[in-house]
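Fit chain B to the given chain A structure using the hints.
If you read the protein sequences in the order shown, they are chains A and B.
Count the first sequence with the working numbering and you get residues 1 to 231, in order.
Count the second sequence with the working numbering and you get residues 1 to 503, in order.
There may be inaccurate statements among the hints.
[To be verified] Covered by chain B, according to a simulated footprint, are these stretches of chain A (three or more residues, beta-carbon under 8 Å):
#, segment
1, 87-95
2, 98-110
3, 158-169
[What the hints assert, rightly or not] Partner residues aside, some chain A positions facing chain B, computed with beta carbon under 8 Å:
#, residue
4, A46
5, F48
6, L49
7, F77
8, T80
9, N81
10, F83
In case anyone wonders, no lab produced these hints; they're calculated from the structure.
The beta-carbon is built from N, C-alpha and C at its ideal position, and this holds for glycine as well.
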Amino acid sequence: MLELDAIEARSGSFTLTADFGIEAGARVAIIGASGSGKSTLLDVIAGFLKPRSGHVLWKDADLTDLAPARRPVSVLFQDTNLFPHLTIERNLALALNPRSGTLRKGDAARIEDALARVGLAGFAPRRPSEMSGGQQSRAALARVLLQDRPVLLLDEPFAALGPALKVDMLDMVAKVADAEALTVLLVTHDPADARRFADQTLLVENGIVGTPQPTQALLDDPPESLRTYLG
Amino acid sequence: MAARVVAIIAGLSVAGLVIGPVIAVLLRAETFSGFGPADWQALRFTLVQALLSAALSVLFAIPLARALARRRFVGRGLLVALLGAPFILPVIVAVLGLLAVFGQSGLLNRVLSPLGAPQLQIYGLQGVLVAHVFFNLPLATRLFLQGWLAVPGEQFRLAASLGMGPRAMWRAIEWPLLKRIAPGAFAVIFVICLSSFAVALTLGGGPRATTLELAIYQSVRFDFDLGRAAALGLVQLALALAAGLVALRVASVPVAARGLDRMVPRWDGQGKGARMLDGVWIVVAAVFLLIPLAMVVLNGASGILTLGGSVWVSAAHSLAVALGSTVLCLAWALPLTTRWGEWLGLSGIALSPLVLGIGLFLIVRPFTNPFELALYVTATVNAFVSLPFVLRILRPEAEAIRADYGRLGGALGLSDWAWLRWVLLPRLKRPLGFAAGLTAALSMGDLGVIALFADPDRATLPLKIYQLMGAYRMEQAAGGALLLLLLSLSLFWAFDRGGRVGA
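Next up, chain A with everything else stripped away, as it sits in the complex (with noise of 0.2 Å):
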């Protein structure tokens, strides 16, 4: 289980409330207006900023003081999730190998394996720029693959898709989700992408963050300041 136990964060003269637990294994949306705290929350988890109080949890032991890297999560960025410059093989090397960052005895053909399984074989001698954005896309979650980590959060990591393209990439997270039994949290604000791929939603207003809900029946029947956001 994933436990926010009383978080407070600040960043800037911004402050995020959380107090909640998901399932392992769950896949869970966060819903909520632009500067609602979104974002915030993940990096909470993420452990890009580090709460004023309270303790980041999974499955009862306490993430907080740990460093980025060195948590069970894994993170698919809005943009820039593949270092440009660097071909795919070595941008995976990199997630592989963080402290060297060459290539170790079979680290290739795990390479190749991951791509492999995201529909990209082939592809470890390209750099990101001869690649589409759905292809990027999909490379980043071969990242994520041979990361290896339970969690993952995905910050609209597939906004700058076209609509049809995110909804493939979508099908593909949850697939690779359930194939590996990932704790999955999606930050959108399209409430579509809520009910195809999360049986929970979150939802952010005002930098509070609520309880994890059914999708379905929050979605059918906003509360208020939902149903001013969803128009």
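What follows is chain B alone, placed relative to chain A:
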């Protein structure tokens, strides 16, 4: 963590290089009895030549920059690019070029004397001023040009649609622009000229045209009066520091200003008089800047083939110094690409190389013969002097890389080494190449500390050329100057080019 340790080591070593020599100078200066008339003379001359140099450079730059900003002509881009060249042009090369034009048997005298004009004398204040304007007119012009090009195109369109005449243009656009830029340009050039050594050494001289820096050099080389050198160094330090702080408040120096060859469409200044005036300024400036360089190439072409072995040895010394100083400077700069690092690096502008040299001389003397360390000291001081420029180039880019990729690097848990090897260096390649080129070229052409320390066995190429000039072996000196020019430009080109490959 390791990165932080490296940054602290770099910071401490730079700070130590500032504080150590300054303390050594302070301690030594105490034994000095008093400021003699010659010392007052040097102080006065230093101030007067710096004031005049700054004033003349700014004065000439105003019409030149205006002309360049509003005229299109063939070769404009080339001329503007050339305005950046003096930054990496060795002083001794420029001096030889200026001597070939303004000197005793220079072009001008050869043309004018048959007409019955009096002999032109270059040595003295006038020579120092000509050289300083040669170096700083381009800098001032670039500053003004930058200002001109920053004026939004709408303002010119508005002025055109209102039918504003020259007087209205002056009041609405030109005067505010000058008021904003001129003080900074003046201050920067004043500070640069305060620490003028190589120009004063070659074109000044005599008690009436000696700068403080030159006086420091003379008291070490000729009288071996370290107390006096230290006292003069102290005055120089106070002067440069005060002026530097003022300059810092009013100015920002564009090291690598891009897009100066851009052209904003203009409708003003289309009258016949204005066109003529602009044309005259552009031609005069181009002639003033280009003819000396052309003379270096012309005069050197025959000499370069007959250079003696000792010149080649000194060239090898210079190359080694330039490369060593480049490595050291970048090793300092990379961990210091932060706000406080740049502040620290600015001490490289305030502290004159000769004061630093005297300090280091005093520090190492109890342990070893300082003359044996001449080349190492030169490389170190050169690296230090280039540091502020290098940081000005690298810091914004390094900060952008950290902002763009810091989170991804953090999420992957890249080690400091992996970050440096796979992210920072490859992404910083272009500005790194440019900065390395500047450092190498500056160090290659430097004639400063080395003059203080060197014996004939350890001369660098600029010093060797100076010695050849002193021995009236002008053909060899001209050949050496051409060699130095070629080496400096090649070094700059090679590094800059290296940074662009595959980037």
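Each hint tested on the structure:
Only residues whose C-beta sits within less than 8 Å of a C-beta in chain B count toward coverage, and the segment 87-95 of chain A has 3 of them, enough to reach three; the restraint holds. Note: the segment 98-110 of chain A has 4 residues with beta-carbon separation from chain B under 8 Å; the three-residue rule is met and the coverage holds. Counting residues of the segment 158-169 of chain A whose CB falls under 8 Å from any CB of chain B gives 0; the rule of at least 3 is not met. Annotation: interface hint on A46 of chain A holds; nearest CB of chain B at approximately 7 Å, less than 8 Å.
Interface restraint check: F48 of chain A against chain B, minimum CB-CB distance 6 Å, threshold 8 Å, status holds. With 8 Å as the threshold, the beta carbon of L49 of chain A stays out of range of chain B, its nearest partner Cβ sitting at about 11 Å, so the hint is violated. For F77 of chain A, the shortest C-beta to C-beta distance to chain B is roughly 6 Å, which falls under 8 Å, so the interface hint holds. Because the smallest distance between the Cβ of T80 of chain A and any Cβ of chain B comes to about 6 Å, under 8 Å, the interface hint for this residue holds.
The closest approach between the C-beta of N81 of chain A and any C-beta of chain B is roughly 7 Å, which is under the 8 Å cut-off, so the hint is satisfied. At its closest, the beta carbon of F83 of chain A sits 6 Å from a beta carbon of chain B; the interface hint therefore holds under the 8 Å criterion.
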